[in-house]
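A.B. asks: Residue strings, one per chain:
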Amino acid sequence: MSTRTLISPAQLARPRGKIVYWTVFAVVVTGFTLVFLGPLYWMISSGFKDSQEVVQTPPTWVPKSFTPGNYSHAWEVMDLSTLLLNTLYYAFGALAFQLVLDVAAAYSLSRLRPVFGKAILGMMLATLMIPATVLVVPQYLTVLDVPIVQRNLLNSPWAIWLPSVTNAFNIFLLKRFFDSIPQELLDAAAMDGASPTRVLWSVVLPISRPVLGVVSIFAVVGIWKDFLWPMLTLPDPSKQTLNVGIYSLSNGLPVNVLIAALTIASIPTLLLFLVFQRNIMSGLTAGGLKG
Amino acid sequence: MSAPSLTPSTTDAARRTLPRPAGPPPARGRFARSLRRNLTAHAFLIGALVCFAVFSWYPMVREFGLAFQKTESGHTRWVGLDNLTTVVNDPAFWQAWRNTALFTVLALLLGFAVPFVAALVINEFRHGQAYLRLLVYLPVMLPPVASVLLFKYLYDPGYGLLNEVLRFLHLPEQQWLQDADLSMLSVVIAATWMNMGGAALIYLAALQNIPGELYEAAELDGAGLLRKIWYVTIPQTRLILSLMLLMQVIATMQVFVEPFLLTGGAGPEGSTTTVVYLIYQYAFNFNNYGAAAALGLLLLVLLAGFSGAYARLSRADDE
Numbered sequence: 001m002s003t004r005t006l007i008s009p010a011q012l013a014r015p016r017g018k019i020v021y022w023t024v025f026a027v028v029v030t031g032f033t034l035v036f037l038g039p040l041y042w043m044i045s046s047g048f049k050d051s052q053e054v055v056q057t058p059p060t061w062v063p064k065s066f067t068p069g070n071y072s073h074a075w076e077v078m079d080l081s082t083l084l085l086n087t088l089y090y091a092f093g094a095l096a097f098q099l100v101l102d103v104a105a106a107y108s109l110s111r112l113r114p115v116f117g118k119a120i121l122g123m124m125l126a127t128l129m130i131p132a133t134v135l136v137v138p139q140y141l142t143v144l145d146v147p148i149v150q151r152n153l154l155n156s157p158w159a160i161w162l163p164s165v166t167n168a169f170n171i172f173l174l175k176r177f178f179d180s181i182p183q184e185l186l187d188a189a190a191m192d193g194a195s196p197t198r199v200l201w202s203v204v205l206p207i208s209r210p211v212l213g214v215v216s217i218f219a220v221v222g223i224w225k226d227f228l229w230p231m232l233t234l235p236d237p238s239k240q241t242l243n244v245g246i247y248s249l250s251n252g253l254p255v256n257v258l259i260a261a262l263t264i265a266s267i268p269t270l271l272l273f274l275v276f277q278r279n280i281m282s283g284l285t286a287g288g289l290k291g
Numbered sequence: 001m002s003a004p005s006l007t008p009s010t011t012d013a014a015r016r017t018l019p020r021p022a023g024p025p026p027a028r029g030r031f032a033r034s035l036r037r038n039l040t041a042h043a044f045l046i047g048a049l050v051c052f053a054v055f056s057w058y059p060m061v062r063e064f065g066l067a068f069q070k071t072e073s074g075h076t077r078w079v080g081l082d083n084l085t086t087v088v089n090d091p092a093f094w095q096a097w098r099n100t101a102l103f104t105v106l107a108l109l110l111g112f113a114v115p116f117v118a119a120l121v122i123n124e125f126r127h128g129q130a131y132l133r134l135l136v137y138l139p140v141m142l143p144p145v146a147s148v149l150l151f152k153y154l155y156d157p158g159y160g161l162l163n164e165v166l167r168f169l170h171l172p173e174q175q176w177l178q179d180a181d182l183s184m185l186s187v188v189i190a191a192t193w194m195n196m197g198g199a200a201l202i203y204l205a206a207l208q209n210i211p212g213e214l215y216e217a218a219e220l221d222g223a224g225l226l227r228k229i230w231y232v233t234i235p236q237t238r239l240i241l242s243l244m245l246l247m248q249v250i251a252t253m254q255v256f257v258e259p260f261l262l263t264g265g266a267g268p269e270g271s272t273t274t275v276v277y278l279i280y281q282y283a284f285n286f287n288n289y290g291a292a293a294a295l296g297l298l299l300l301v302l303l304a305g306f307s308g309a310y311a312r313l314s315r316a317d318d319e
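Chains A and B, in that order, are what the protein sequence lines are. The opening position of the first sequence corresponds to residue 1 in full-length UniProt numbering, with each subsequent residue numbered one higher. The opening position of the second sequence corresponds to residue 1 in full-length UniProt numbering, with each subsequent residue numbered one higher.
Don't take each hint at face value.
As the list claims (entries may be wrong) - Covered by chain A, according to a simulated footprint, are these stretches of chain B (three or more residues, beta-carbon under 8 Å):
1) 30-42
2) 57-71
3) 120-128
4) 134-146
5) 149-155
6) 223-229
7) 305-316
Hint data in this document are derived by calculation from the structure and do not stem from the laboratory. Every residue, glycine too, gets a C-beta built ideally from N, C-alpha and C.
Chain A with its partners taken away, still in its complex shape (with noise of 0.2 Å):
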């Protein structure tokens, strides 16, 4: 990279230069290496010790007594297949619902301009700034018995699916990126005899492949991450979502049991930040500021 920052090439050139810069580099990088990745260590290999070793002081390293156990013995304990599938369906749901939904509603406000889009759009912006924590009683007494249906959505997925669909930063998103689209490609796409849907379906979502992508990834690593919602909405423990589920099996369980469950409840986000780090970090300082 030739940008220039704060240090001048020349300065870094200096032998002296070159001592501070790889010593800074050196502190810094061991320094970062211990803290972001010294707790997942700690955590991984307090996983195979036994329930001796893993309160014991001084605490050993590397596990003296192997015992991968744990990991199965959690895994049996906490049921912790249904609970990861249980958050595989809310999260992948919620994800459909905001893909169908948001897209098409910001497909609409940018392009097909109904009256009152502007006015529909200002309040679903507006919605942005109400904190969120404090809407959360007057959402759960909604969802204990919705207006007009009159049905009580306590236990039901839709109850996170639904709500899901209320991201207005997504629909700010989508939208921003449909208004970048040249209007000549829709107009021959309709000169052509294409319908709105048409237009959508094999014109505007092909182009918007890494917008949807940004959008897909924070929705699955939403629902993933959510807590408090998930625990009111979904009491009944065969309904739970990992993270509910493991902290309320929490107190009871042994140490070393408890952190072997936490890394398994860890690895699946973990794996998605490593194949999709890139999109991830590029949808971050894309949309990141605009809120």
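Following the hints, position chain B against chain A.
C.D. replies: Frame of chain A, contents of chain B only:
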């Protein structure tokens, strides 16, 4: 709404003054087209619209209602400011605001400064940037329950790793989460570890947009490292810094998950009771939705100023 027309001004003006049923045939065609277009557009919009109406707008209105109502044995009535007085007279009220303010100040000292300095340093490196970026963002991807319970293990006064490190350095051991004076700081450290990645990456992107010539010019004027940071880096990233500051104030004032999971919410002597935890208690432990809504409304009013400033700044950023 402005379809191209061959004879614009006169017919448009005429059409506007004509009574609707007597409109000329092309206008009716246009009306039908516009109606069809609107129907299609609203068909695309309806799903999201219903979700917003039911799960966002209606609860928003309801929040205001709840704050001034009381429900007793299935009967709801308006009680004016009763809920508000209940909330303000609760001994936990001021403590919760003090704790929330303390959390916000600590979280800004750590959570605002640390990622900025980290980004500043990472940006100077000619090697290993990708690795360091990966590291800072890693904790953001972990499920919060995993990070928080891991920190609980690290903070344990007996076998926790942190006390082990203190022992190794011959420093006095701490009670961390069990110590009323230290519990909030412990929560903030854990929260910063969990959340700083996003801010660090955003600062890094902003730093990379600073034109290099500015630094060269500053050097010609004889500016040293600190002066370059003060007169070039900070002014150049001021907008993003202020946006992130506002966003962090808004987010940290609503802190809930970290204290709830680390100390059970209240913490030793109520030292980590935050405003949102108090709202949670009213609603879900005491079934007093009115008090919860009244306290929520206070938080909303307080944060509205920050949100407004944020919206204004980010609009300025768009232009």
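A.B. asks: Does each hint fit the structure? Answer for all of them.
C.D. replies: Here's how the hints hold up against the structure:
Beta-carbon proximity to chain A at under 8 Å applies to 5 residues in the stretch 30-42 of chain B; the threshold of 3 is reached and the given coverage holds. Counting residues of the stretch 57-71 of chain B whose C-beta lies closer than 8 Å to any C-beta of chain A gives 7; at least three are required, and the coverage claim holds. Residues of the stretch 120-128 of chain B lying with their CB closer than 8 Å to a CB of chain A number 9, which satisfies the three-residue condition for coverage. Judged by the Cβ-Cβ criterion of 8 Å, the stretch 134-146 of chain B is covered by chain A as claimed, because 12 of its residues qualify and three suffice.
Counting residues of the stretch 149-155 of chain B whose CB lies closer than 8 Å to any CB of chain A gives 5, so the stated coverage by that chain holds, three being the minimum. Check on the stretch 223-229 of chain B: 3 of its residues sit with their Cβ under 8 Å from a Cβ of chain A, so the three-residue criterion for coverage holds. Evaluation of the coverage hint for the stretch 305-316 of chain B: fulfilled, as 5 residues show C-beta separations to chain A shorter than 8 Å, against a requirement of three.
The structure shown violates none of the earlier numbered hints.
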